[in-house]
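Peer 1: Sequence:
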Amino acid sequence: MPSVKNPNGPSKLRIAASIGKKKKEQQRKSRAGQTKISKSAAARGARPGLLPTSGPGAALSSKKKRKLEKAMAHALKRKMEKEGLTLEDVMKDIPPEEIAKARENGLQDVEMQIE
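Heads up, the sequence shown is in this note's numbering, so the first residue is 1042 and it goes up one at a time.
Please note: incorrect hints may appear among the correct ones.
To be verified - Subject to a maximum C-alpha distance of 27 Å in a straight line, what follows is the list of computed DSSO-like cross-link-like pairs (lysine-lysine): (1) Lys1053 x Lys1080; (2) Lys1064 x Lys1053; (3) Lys1077 x Lys1062; (4) Lys1053 x Lys1065; (5) Lys1053 x Lys1077; (6) Lys1118 x Lys1104; (7) Lys1046 x Lys1064; (8) Lys1063 x Lys1053; (9) Lys1077 x Lys1123; (10) Lys1046 x Lys1065; (11) Lys1118 x Lys1106; (12) Lys1133 x Lys1106; (13) Lys1120 x Lys1133; (14) Lys1105 x Lys1120; (15) Lys1077 x Lys1063; (16) Lys1063 x Lys1080; (17) Lys1118 x Lys1142; (18) Lys1111 x Lys1123; (19) Lys1070 x Lys1106; (20) Lys1064 x Lys1077; (21) Lys1080 x Lys1111.
Said to hold, decoys possible - Label-pair restraints from in silico Cβ distances: (22) Glu1124 x Lys1070: 47 to 53 Å; (23) Pro1137 x Leu1092: 17 to 23 Å; (24) Gln1075 x Glu1110: 43 to 49 Å; (25) Lys1070 x Leu1117: 29 to 35 Å; (26) Gly1074 x Lys1106: 37 to 43 Å; (27) Gly1061 x Arg1088: 19 to 25 Å; (28) Lys1142 x Lys1080: 20 to 26 Å; (29) Ala1057 x Ala1084: 27 to 33 Å; (30) Leu1117 x Gly1074: 52 to 58 Å.
Please keep in mind that the hints were generated in silico from the structure rather than gathered at the bench.
Just so it is clear, the structure is predicted and the values come from calculations on it, not from any experiment.
Think of the CB as a built atom: it goes at the ideal place given N, C-alpha and C, for glycine as much as any other residue.
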């Protein structure tokens, strides 16, 4: 508070504003610690429930997801060939009617049971 002799100190309004700014900044830091979002990801637009728009944590486009799934499936096939396994060897313990049903619906159901 400025005294009558020294009018160069901060006014009551400036003091209240600076306290409000400090409080708001502290709340923002507290929320950031609770959500586990890194500072760099937050700078790229990440929020709770939203991925950043760029960088390593960004959501993949559907085209890139398809390419990645294709590459992973190919790598799995190469690994199985290297070990000398076939799909039938892996699925010995699964009943044949489930395999037939899975082939009709695609191999996703069977792959989930294998893992």
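Peer 1: Glutamate 1124 and lysine 1070, beta-carbon distance inside 47 to 53 Å?
Peer 2: holds, 51 Å
Peer 1: Is the straight-line distance between the alpha-carbon of lysine 1133 and that of lysine 1106 27 Å or less?
Peer 2: violated, 30 Å
Peer 1: Check the hint pairing lysine 1118 with lysine 1106 against an upper bound of 27 Å on the C-alpha distance.
Peer 2: Within the cut-off at roughly 18 Å; holds.
Peer 1: Does the alpha-carbon distance linking lysine 1077 and lysine 1062 stay inside the 27 Å limit?
Peer 2: holds, 23 Å
Peer 1: For the pair supplied as a hint, lysine 1053 and lysine 1065, is the alpha-carbon distance within the 27 Å limit?
Peer 2: Distance ~18 Å between lysine 1053 and lysine 1065 Cα, so the pair holds.
Peer 1: Check whether the Cα positions of lysine 1070 and lysine 1106 lie no farther apart than 27 Å.
Peer 2: violated, 34 Å
Peer 1: CB of glycine 1074 to CB of lysine 1106, is that within 37 to 43 Å?
Peer 2: This hint is violated: roughly 31 Å between Cβ atoms.
Peer 1: Lysine 1046 and lysine 1065: Cα distance at most 27 Å?
Peer 2: Answer violated: lysine 1046 to lysine 1065 is near 33 Å, above 27 Å.
Peer 1: Take a quick look at whether lysine 1063 and lysine 1053 sit within 27 Å of each other, Cα to Cα.
Peer 2: The given pair, whose Cα atoms are some 16 Å apart, holds under the 27 Å limit.
Peer 1: Is the hinted pair lysine 1120 and lysine 1133 satisfied, with a Cα-Cα distance of at most 27 Å?
Peer 2: holds, 18 Å
Peer 1: Hey, lysine 1105 versus lysine 1120, does the alpha-carbon distance stay inside 27 Å?
Peer 2: Within the cut-off at roughly 22 Å; holds.
Peer 1: Given the hint of 19 to 25 Å, is the C-beta distance from glycine 1061 to arginine 1088 inside that range or not?
Peer 2: holds, 23 Å
Figure legend: structure checked against the earlier numbered hints; hints not met, in rising order: 1, 5, 7, 9, 10, 12, 19, 21, 23, 24, 25, 26, 28 and 30.
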